[in-house]
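J.: Sequence:
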Amino acid sequence: MALLQISEPGQSPEPHQRKLAVGIDLGTTNSLVAAMRLGKPETLPDLSGRHILPSVVRYLPAGEVVVGDEARDAIFEDSRNTISSVKRLMGRGVDDVKTLGDCLPYEFIQSETEMPYIRTEAGDKSPVEISSEILKSLSVRAQETLGGDISGAVITVPAYFDEAQRQATKDAAKLAGLHVYRLLNEPTAAAVAYGLDRGAEGVHAIYDLGGGTFDISILRLNKGVFEVLSTGGDSALGGDDFDHAIAQWILKESGQECVGTSVARQLMEIARGLKEQLTDADSVNVNVDTGCFTWQGVLTREVFHSLVDPLIAKTVRACKRALRDANLGPGDIHDVVMVGGSTRVLRVREKVADFFGATPLCDIDPDRVVAVGASIQADVLAGNKPDDEMVLLDVIPLSLGIETMGGLMEKIIHRNTTIPVTRAQEFTTFKDGQTALAVQVVQGERELVSDCRSLAKFELRGIPPMVAGSARIRVTYQVDADGLLSVSAKELTSNVETNVEVKPSYGLSDNEVTRMLKDSFDFAEGDKDARALAEERVEADRQLEALRQALAENGEELLSADERKQLHQLMEALAISKQGEDSVAIRKAIDELNSTSEVFAARRMDKSINQALSGQSIDNLGEE
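With numbering that gives the first Met the number 0 as the guide, the letters of the sequence shown map in order to residues 0 to 623.
Think of the hints as simulated: they come from the structure by calculation, not from any bench. This structure is a prediction, so every number in the text was calculated from the model and none was measured. Treat the hints loosely; a few may be bogus.
[Unchecked claim] In silico BS3-like cross-links for lysine-lysine, where the CA-CA straight-line distance does not exceed 30 Å: (1) Lys18 / Lys169; (2) Lys527 / Lys313; (3) Lys251 / Lys39.
[Claimed, not checked] Computed spacing ranges between beta-carbons, pair by pair: (4) Gln247 / Thr475: 42 to 52 Å; (5) Arg473 / Asp72: 53 to 63 Å; (6) Asn498 / Gly328: 12 to 22 Å; (7) Lys251 / Gly290: 12 to 22 Å; (8) Asp528 / Glu106: 44 to 54 Å.
Where is the CB? At the ideal position from N, CA and C, for every residue including glycine.
Sequences are here, hints too, so could you generate the full structure?
T.: Here it is in structure tokens:
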């Protein structure tokens, strides 16, 4: 008898056949690709043996695209067609790009979607397209090295990337022909690498200072479980800013006030070299010959410290906030993991050690640790390794909620909630006969919607007409493992349902998350008062609406002229109080109106009971 062999869905019919999966560190300055080889994670070199790929793309007139070292070498001679640090443009709008100042020599074109395009000799290119060229190059390298097609990839992103930036990254991967197993926060990827290799348990800080972004994550590692307790950082701060500070010092010392973009980029390259030399030397000679001016001088380590200390201090402040969010102090941290090429700067390591009171870990090459961790996770998701060996839990950086009456923010998924996650909450209608409900999805920590960020708006229509407060509308928020949000609204009596996938516009600046968190602390007391005022105004509207309708139906029948006059006076007083800014006064007016209208409410109840019992005898009621 022939036996039918049936494999599990999504699994290979040959259980010992490994899928080729890769981890990609898509960095601002440099990118890497890694994979599991002979049971160990390794970064993959190109045909010349280079592991690091500069995140630089050059477009030639004939349409040819050059990526990596060759493109970086053309930055000075062809700056307008050679794009670097494109990661800073991902998920951003034209207005946000303008805030980067004159450090970008590109000509930006605004599209219908508000996404900025860069004009090149090969046509207008979006950040997503440019980023996809980097991913294509890494994908080709992986296929050549591993000798087969890539089944999928885990791509890392800064923990502070919002939904727009994450979606832009996934779009770039799709253009590159890569299947994305998932997006993984860069600090979390580093935790994967260190956690598995070292078997470390306890609470750890992942300090990730790359070329263009800084992330700090506080993670608890316990029996193979990775839980992110809090995240923070600055998505517009990195080693590039160190280089910029040195370049500005050179301009000041040489007496140069203003230079063109080509010279500015030359100075940035010179500054980068000086920064690296100061890792091993107390001072370095500076020789500048840009073609426009020449200058010689000496950069000492002390001067270098004075230039970069304010930047490092920003990272330390972010560490303090992350610890506060996790209800921890520096002494609670077991280990500090250093990630990113900029952590090679000795001053960074000194300041981090001073703050945490412990020597930071640098066992794994900080340039490669993120790609290594991503490759380990990719191997698990490809089905090559039992995932019960490791559970990885990320969190969302900002609360997600819905607008309720009065412009209030009702949080449904709170900040630092572990993802993936689904949360649901029931709401109801405000007016009698209401057949539609507007749902505004918002993100932020403030109490009022006007102080938060709107992500999407949609309407639930077809609600059966009912008395106000009778409809049951369940709103469900679902955040997947990549941090992308979908929202649905369902009226439970009729099963009418609608939903939306939230793909925010490309208009959120890199520092928006940090600003929103800071504002939530700075304005906490005022927000509390504003929410109390808004809630009292909503309650006042509800009371006035209900009483107006009741008076229209039964006022003349059940109340005397004097009683009606007294209620109208109190209603007018409440309406006036509602326009003011005193929540206590509004509550007092509501209570007075409720107290006075109790007799009217009792009479209406008696009338309803009498109508219900009309024509029925005691015997009939007993039979029922």
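J.: Now tell me, hint by hint, if it's right for this structure.
T.: Do the hints match the structure? See the list:
For a cut-off of 30 Å, the pair hint linking Lys18 to Lys169 stands: about 21 Å separates their Cα positions. Restraint check: the Cα-Cα separation between Lys527 and Lys313 comes to about 29 Å, which is no more than 30 Å; the hinted pair holds. The suggested pairing of Lys251 with Lys39 is violated, with an alpha-carbon distance near 49 Å, which exceeds 30 Å. At about 51 Å, the beta-carbon gap between Gln247 and Thr475 stays in the expected band of 42 to 52 Å.
Taking 53 to 63 Å as the suggested C-beta distance range, the pair Arg473 and Asp72 conforms, at roughly 58 Å. For the hinted restraint 12 to 22 Å between Asn498 and Gly328, the CB-CB distance of approximately 43 Å leaves it violated. Taking the beta carbon of each, Lys251 and Gly290 are about 20 Å apart, inside 12 to 22 Å as hinted. A hinted range of 44 to 54 Å for the beta carbons of Asp528 and Glu106 is consistent with their spacing of about 48 Å.
Hint check: violations occur at hints 3 and 6; the rest are consistent with the structure.
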